[in-house]
Amino acid sequence: MSEKMTNSCKGTANVQLMQGNEACAMGAIKAGASFFGGYPITPSTEIAEYIAREFPKLGRYFMQMEDEIASIGAMIGASMVGHKAFTATSGPGFSLMQELIGYAAVAEVPLVIINVMRFGPSTGLPTMPQSGDIMQARWGTHGDHSIIALSPSSVTEAYYMTIDAFNLAEKYRTPVVLLMDEKVGHLREGFDISNDPEPEIFDRVSAHEGKYVPFANTESGVPPFVALGQGERYHFTGLTHNEAGFYTSDAGKVSEFMQRICGKIEDHVDEIAQFELDAMDDAEIVIMAYGAVARSAHETVESLRNAGHKVGLLRLKTIWPFHTDKVRELCAGKKLVAMPEMNMGQLAVMAKAALGDMPFLPINQVDGRLIKPETIEKAILDKLAEMGGDR
Amino acid sequence: MEAVYEKYFRGNLPHIWCPGCGNGIVMSAIARALDKLGYPQDDVLFISGIGCSSRMSGYMDLNTVHTAHGRALAFATGAKVCEPRLHVFVLMGDGDAAAIGGNHFIHACRRNIDMTAIVINNSIYGMTGGQFSPLTPTGKKATTAPYGSIDRAFNLVELSRGAGATYVARADVYHAALLTNLIVEAAQHKGFSVVEAVSTCPISFGRYNDMPEPADMMMWLRDNTITVAQAAKLTDEEAADKIIIGKHFETEAVEYGEEMARLLASAKEAE
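Heads up: the protein sequence lines correspond to chains H and Y, in order.
Just so it is clear: in the first sequence, position 348 is 348 by this note's numbering, and no numbers are missing.
Just so it is clear: in the second sequence, position 169 is 169 by this note's numbering, and no numbers are missing.
Chain H extracted, bound-state conformation (with noise of 0.2 Å):
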């Protein structure tokens, strides 16, 4: 179990009980973000009224948008001239985001969108947990193009990885999903980084050789970003653009353009994909999660073990993108791999396409109810039994 996974703050002064919002939006001041447009909606408020708080005391702008669609545009201009922007939403304001998320994937404007999942579709269940925008944060707008999402399994995880959302936007020039469940959104627990190495902040990069070319196609893929309004009069669209930033419908470009924005992420999926392993060594069966059920898998992990079977964990910190060849390396060989998650079962489309013809289990419950460890066990050991022995 990883130290940020439950917490680190066994036996010192400056524990805080605090709550997973409030990390969020603790870990987006610390990225220096300095632009918050918003919505208020159920289960993410806590991130707007914290930041409507403590932002204009630090010189920082709060804005409260008239829905989440103004949100995100406030939020894009926002970062052209500069600003490091972010919102918190859930479900149905995720969807109201989803045209201009793929504005900013193509304008390669950096974004952070904190998602706090809640039970969907539709209203759904506000203030209960589903993981249920997975898919939607990967393909949620038209068109092809990359993304890139982390789920926090902790408290003080959600206050790191908002810093990492922040600096992923800014290093890659893209809009980064946290997908928290509502569950570590709300969860109240120890929370203590007083001892902690301070946290790396990255920047977007801006310096450049010669003239400005606004999408340049880097060797990294990622051109850099000069705000509007420093003295280099450049042009943002929607619009298939070439790399001075126009119009362009010529195919050559216009594939170059679209290999170029999906590859500045996928071809760094080494560098972007966090997983955490825990008693994976000699591991026999796998529990492969994320989020809040993380924690429950954890559980499982140590209640299975304790029976005398060897299971291990598989975290995924990084949902966007899924590192297909990772997951299949670290589940060869294994008797069983068993995927918990709170929805139908949409990661494990991943998950089953990396894995072939593994023994593959997926367990879904949609009922609005954090998945227990005991059912997880449970499911484990019935397929067991149902694959022979080992009982």
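What the hints contain is simulated information worked out from the structure, not anything from laboratory work.
Watch out, some of these pointers could steer you wrong.
[As the list claims (entries may be wrong)] Below are the DSSO-like pairs computed for lysine-lysine, each with C-alpha atoms no more than 30 Å apart in a straight line:
1. Y/Lys-7 / H/Lys-253
2. Y/Lys-190 / Y/Lys-268
3. Y/Lys-268 / H/Lys-57
4. H/Lys-378 / H/Lys-335
5. Y/Lys-190 / Y/Lys-247
6. H/Lys-211 / Y/Lys-7
7. H/Lys-378 / H/Lys-352
8. H/Lys-352 / H/Lys-335
9. Y/Lys-36 / Y/Lys-7
10. H/Lys-310 / H/Lys-383
11. Y/Lys-190 / H/Lys-57
12. Y/Lys-140 / Y/Lys-242
13. H/Lys-352 / H/Lys-310
14. H/Lys-253 / H/Lys-211
15. Y/Lys-268 / H/Lys-30
Following the hints, complete the assembly by docking chain Y onto the known chain H.
Frame of chain H; chain Y shown alone:
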């Protein structure tokens, strides 16, 4: 004028606009207005929505953003709040501003944020080939209103006034000099200013409404526009079918950016 063209246009021609389109007249009015205002081009942020007219952002040598349909004011709001020193102009079409972007439009008016919205009103969705918009006069024909539109139209001046804009004017592409002057005034006004620029679309509007030639549409503007002063002498009924041009009103109110600055200063002091 040559100098103005060279200074403010990027020269990435050809543009997409049809012969007889009024967008070019509005663009030149904006360029002349910028020249009169004397803002350094590096300090001007020019943000547009989606549609024929909104392609203008690509043609002008300024800091430019071509956004998504209806969302130009949302982008502009975030940028202006973060960089108050920039002079912000937002260019939208009638469908862009009054239909899909209507919510952002009224809230930008309400906040009274210091920027100038220029709405090119050609009474139609031109880029998609001539569908009626919320500013298409009732009874006019469109591809989606082949028997004449049964929808009531917004009066953008009254909508802006009611929503809280603090400067509202209307001109048209027949009166291009007036349009230039009103854009200058609107930009100099502290607060949210709206300039409606009534324009011509002979291809997608005029053709279906007995004005197939560019000149027909220009004559329609010439014959149906009256000034605010002339309108004041008419009854509402007499003025009903007229396009009333000129400055409609200007008032002072708390501007959003100044309030934001005040909030930040007081919050810091309280610390």
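Evaluated hints:
1. Restraint check for Y/Lys-7 and H/Lys-253: satisfied, since their Cα atoms lie roughly 29 Å apart, inside the 30 Å limit.
2. As the CA atoms of Y/Lys-190 and Y/Lys-268 are separated by approximately 25 Å, the hinted pair is consistent with the 30 Å bound.
3. For the hint pairing Y/Lys-268 with H/Lys-57, the CA-to-CA distance comes to about 5 Å; that is within 30 Å, so the pair holds.
4. Straight-line distance between C-alpha atoms of H/Lys-378 and H/Lys-335 comes to about 16 Å, which keeps the hinted pair within the 30 Å bound.
5. Under the criterion of a C-alpha separation no larger than 30 Å, the hint pairing Y/Lys-190 with Y/Lys-247 is consistent with the structure, at around 15 Å.
6. The suggested pairing of H/Lys-211 with Y/Lys-7 holds, with an alpha-carbon distance near 19 Å, which does not exceed 30 Å.
7. Of the pairs offered as hints, the one joining H/Lys-378 and H/Lys-352 holds, with about 21 Å between alpha carbons and a cut-off of 30 Å not exceeded.
8. Straight-line distance between C-alpha atoms of H/Lys-352 and H/Lys-335 comes to about 15 Å, which keeps the hinted pair within the 30 Å bound.
9. A distance of roughly 13 Å separates the Cα atoms of Y/Lys-36 and Y/Lys-7; the hinted pair therefore holds under the 30 Å criterion.
10. As the CA atoms of H/Lys-310 and H/Lys-383 are separated by approximately 15 Å, the hinted pair is consistent with the 30 Å bound.
11. Of the pairs offered as hints, the one joining Y/Lys-190 and H/Lys-57 holds, with about 26 Å between alpha carbons and a cut-off of 30 Å not exceeded.
12. About 15 Å separates the Cα atoms of Y/Lys-140 and Y/Lys-242, which keeps this hinted pair within 30 Å; it holds.
13. Among the hinted pairs, H/Lys-352 with H/Lys-310 is consistent with the structure: their alpha-carbon atoms are about 22 Å apart, no more than 30 Å.
14. Under the criterion of a C-alpha separation no larger than 30 Å, the hint pairing H/Lys-253 with H/Lys-211 is consistent with the structure, at around 20 Å.
15. Note on Y/Lys-268 and H/Lys-30: the hinted pairing holds, with a Cα-Cα distance of about 18 Å set against a maximum of 30 Å.
Checked against the numbered hints listed earlier, the structure breaks none of them; every hint is satisfied.
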